[in-house]
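Engineer: Order-wise, the sequence lines are chains W and E. Numbering follows my numbering, in which position 62 of the first sequence is assigned residue number 1513; successive positions increment by one, without gaps. Numbering follows my numbering, in which position 252 of the second sequence is assigned residue number 1703; successive positions increment by one, without gaps.
Hints listed in this document are in silico derivations from the structure and should not be mistaken for laboratory results. Hints are not guaranteed to be accurate.
The list treats identical chains as one, so a pair stands whether inside a single copy or across any two.
To be verified - No farther apart than 30 Å at their CA atoms in a straight line, the calculated lysine-lysine pairs in the DSSO-like style are these:
| no. | residue 1 | residue 2 |
| --- | --- | --- |
| 1 | K1612 | K1656 |
| 2 | K1656 | K1459 |
| 3 | K1500 | K1612 |
| 4 | K1703 | K1468 |
| 5 | K1675 | K1470 |
| 6 | K1703 | K1691 |
| 7 | K1583 | K1703 |
| 8 | K1470 | K1526 |
| 9 | K1675 | K1500 |
| 10 | K1612 | K1468 |
| 11 | K1470 | K1612 |
Here is how the chains run, residue by residue.
Number of protein chains: 2
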Amino acid sequence: MMIIDILKEACQQVHDKTKGLAGTTIGSMQMGRGAGGDMSRRIDLIAEKTVIDVIRERGIEATIIGEECGRIEGKEGYIIIDAIDGTTNAICGIPFFCCSIAYATDFYLSAVAEAAIIDLPRGDLYYASKNKGAFLNDRRIFVKREPTSDTTIGINVSGVKPAVVERLAPIIAEATHIRQFGANALEMCFVARGFLDAYIDLRGKIRPTDVAAGYLIAKEAGAKIYSDDGSSLESNLDVKTRFSYAAVANDKIREQLASMFG
Amino acid sequence: MMIIDILKEACQQVHDKTKGLAGTTIGSMQMGRGAGGDMSRRIDLIAEKTVIDVIRERGIEATIIGEECGRIEGKEGYIIIDAIDGTTNAICGIPFFCCSIAYATDFYLSAVAEAAIIDLPRGDLYYASKNKGAFLNDRRIFVKREPTSDTTIGINVSGVKPAVVERLAPIIAEATHIRQFGANALEMCFVARGFLDAYIDLRGKIRPTDVAAGYLIAKEAGAKIYSDDGSSLESNLDVKTRFSYAAVANDKIREQLASMFG
């Protein structure tokens, strides 16, 4: 069984095992803080255990980096898990959250070689393998390569300081539509399938676990991913690492964002 | 048949007749500008015709105010229609758009007496009758009456000028989570069912057709709806009218927003 097939199977199992838990008291139960620093909910723990069980049962012995479990030492390679991305949506019942799993050959974002993300309320499965393109339910997907006069930009502004809002103000003024759905990995998939022209998160709070799978899926669909100084995004995969980034569909949008990069 | 049942039936028929049109070339076909000034798409026109047909077949002879058709003179009362709210989402396939229908006894927002909104991708039906409460699929719904330390605020910042962004900056900084899904009427329902603590649109671009049904549903669920000077929202129902507003779940959030009101 190929690694990508194991990641896809783990996504499907999370979909099956968390069905009906979103928006419920039992799914939302607080279970103490995870390794990433956020409050873990019951749905987070059920989802992460499901992923880890599939990974190990299928014989992948890589080190595991998980938002809840932290680091579980293993042999070659790394599995990076955000078993529920968009937990706030999931616990209140807003139907926009996902499971995100990546495999990296080395301890860096650019070494992510396989990725799978499942849209849990809808069951849509996004995946990519390095240099082999990005897919949604077995159909190849691409970013919006031809710019249009209408632009739809995803921006995460949750709790950002006025100075960051000021940096974003010209982008907001120029965009036709702004969106913020509340699950960063799935918003990267929305860039990958051409729904969003860009997705921007300048809060300095993104963890490698949040972005590892979305990074590869968006790249394989044709996006470019930048750090907030405008260079290509790179990061280690440490559970304590935090950064900002922007995923961009085409060069015209990159130009529109030029003033934003430090 | 009561008016509310006719509005609910019209919503259901729009759900059935537009199924499979979202995200398709045929549903997105441009059909000229509607009375509200936006480009009408094929899905908008099919949806509006469906509503008008149900309204007239069921014997409601009220004047119709529609985003596409403008004004169709009738007898007593007004039917206010935004047959597809969130058209940008609908045409690209983002699963967040709705059909919004209201009945008013007089030519003012505060005279809206019956309202129904259907979440088209999911089929959830929200409705309210004045002084009788708000419902989702026959279950009574309420806003988040008890404030929590975590706040989730919906804000429409699509294309807003830097001066408006500046007015919103303190609200953004204080909120735990910001959301912008892209269909104002459905976001009012998210306030009504306790998903959002508030929904704010200060662009000065909202039409009575966008907000008439959401206004009653949110109010009947316990929300207060303000104009951007902090007074209770009121407006005529003219298709050319434009305004800003904020729907607020409880007094604590109202206090947090105090600085924003002019």
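Engineer: None of the hints should be skipped; say for each whether it holds.
Structural biologist: Going down the list of hints, with the structure as the test:
Taking the shortest Cα distances, K1612 and K1656 sit within 30 Å of each other both inside one copy (13 Å) and across copies (26 Å). Taking identical chains as interchangeable, the C-alpha atoms of K1656 and K1459 lie at most 30 Å apart only when both belong to the same chain, with a minimum of 27 Å there against 44 Å between chains. Within a single copy, K1500 and K1612 get their C-alpha atoms no closer than 35 Å, and across copies no closer than 46 Å, so neither meets the 30 Å cut-off. Proximity of K1703 and K1468 under a CA criterion of 30 Å is satisfied in neither setting, with 42 Å inside one chain copy and 37 Å between copies.
In this assembly of identical chains, the alpha carbons of K1675 and K1470 never lie at most 30 Å apart, being 33 Å within a copy and 34 Å across copies at closest. With identical chains, the CA atoms of K1703 and K1691 are never at most 30 Å apart, being 34 Å at best within one copy and 34 Å at best between copies. For a Cα distance limit of 30 Å, the shortest separation of K1583 from K1703 inside one copy, 25 Å, qualifies, whereas the shortest one across copies, 51 Å, does not. Taking CA atoms no more than 30 Å apart as the test, K1470 paired with K1526 passes in neither setting, with 32 Å inside one copy and 49 Å between copies.
Neither within a single protomer nor between protomers do K1675 and K1500 lie at most 30 Å apart by alpha-carbon distance, with minima of 32 Å and 43 Å respectively. With identical chains, the CA atoms of K1612 and K1468 are never at most 30 Å apart, being 38 Å at best within one copy and 45 Å at best between copies. For a Cα distance limit of 30 Å, the shortest separation of K1470 from K1612 qualifies neither inside one copy, at 36 Å, nor across copies, at 42 Å.
Violation of the numbered hints given earlier is confined to hints 3, 4, 5, 6, 8, 9, 10 and 11; the remaining hints are satisfied by the structure.
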